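As you go down the protein sequences, you meet chains C and B in turn. Remember, this note's numbering sits 723 above the position in the first sequence when you count from 1. Remember, this note's numbering sits 4 above the position in the second sequence when you count from 1.
Derived from the structure by calculation, the hints contain no laboratory data. It should be emphasised that the depicted structure is a prediction, and the values quoted were computed from it without experimental measurement. Any given hint could turn out to be false.
Said to hold, decoys possible - Among chain B residues calculated to face chain C with C-beta under 7 Å, some are:
(1) Phe12
(2) Ile14
(3) Tyr23
(4) Leu26
(5) Thr34
(6) Gly38
(7) Asn40
(8) Phe51
(9) Val54
(10) Cys62
(11) Ile64
(12) Val69
(13) Thr73
(14) Val75
Where is the CB? At the ideal position from N, CA and C, for every residue including glycine.
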Amino acid sequence: MINLSRILNTADNERTIFFLRRHWFTVLPLLVGFVFAILLPFAVYFAVQYRTPDFFSDSTNFTLFVLGTSIFFLYAWLFLFQNFIDWYLDIWIVTDHRVINIEQNGLFGRTMSELMLYNVQDVTSQIDGFVHTIFDYGHIEIQSAGEKERFIFDNIPHPNHVAKRILELAAAQRPSVPTNV
Amino acid sequence: MAIPLGYFLIAWAVLLGLYGILVFVTLVQTLKHGINAPLTYGSTFIFLTVIVAVIGGCGIYFMQVDWTTEVNILPASVSSFFGNSTHINVKELQLN
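The shape of chain C in the complex, shown without the other chains (with noise of 0.2 Å):
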């Protein structure tokens, strides 16, 4: 299990700064089609009795329904859980030091990088569309000195603030250039 306290560096007092994950909004359909997935048995179920009302009397019927629907809600409930943890292990850390990324790609596949501040060069908020607009989530890019790849935060909360906060950080970590008059 990862434990916060080890992953920042406390010799050097690095404070975090943001601790992010996507937002709670992109996992909204995939809990609206559970919904639909756990109703869907009792919708077959009344359909049936409306069709056919003697049809559960027999209780052959009725417990080969029962094997169905539970096998099916368990598999539902294991498929749901696995995408929260999808969406529960992605993390995003920003220090006042560097900027970690911790993502989960399905069941076996992790990736962790870390990138120092002093090397961000450039940093991209992006909002698109009328959803994300709305409840203000985006991506923000990372673009590293002398690293072809790029760092990004997948559907956080407030991109722009964020953006702003880890330029302003580079800023400070970067070693002042000396001026030629």
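Here the structure of chain C is known, so what remains is to put chain B in place on it, guided by the hints.
Same frame as chain C, but now just chain B:
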């Protein structure tokens, strides 16, 4: 063509066994990579509680079921080729 209802229970148990493996793998991943926080433990507890409640509820119901009852798995028109149709309670037949 009729088969005992118990066969469906065996199929259910096989699917439940596979489910158990998937749950185990999911829990290992969750507890290995999750943040050491109350939400990790809370969500895992709720996940397991619901599973135990569903399986327990089914178990209580299944104890009252007569699994020797035969179920016709083919339509009556097709079943006539196999010389058997409709549900037959083997216990009732034995009693008669």
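- Query: Hint by hint, which ones does the structure fall short of?
  - Reply: The structure breaks hints 2 and 11; every other hint is satisfied.
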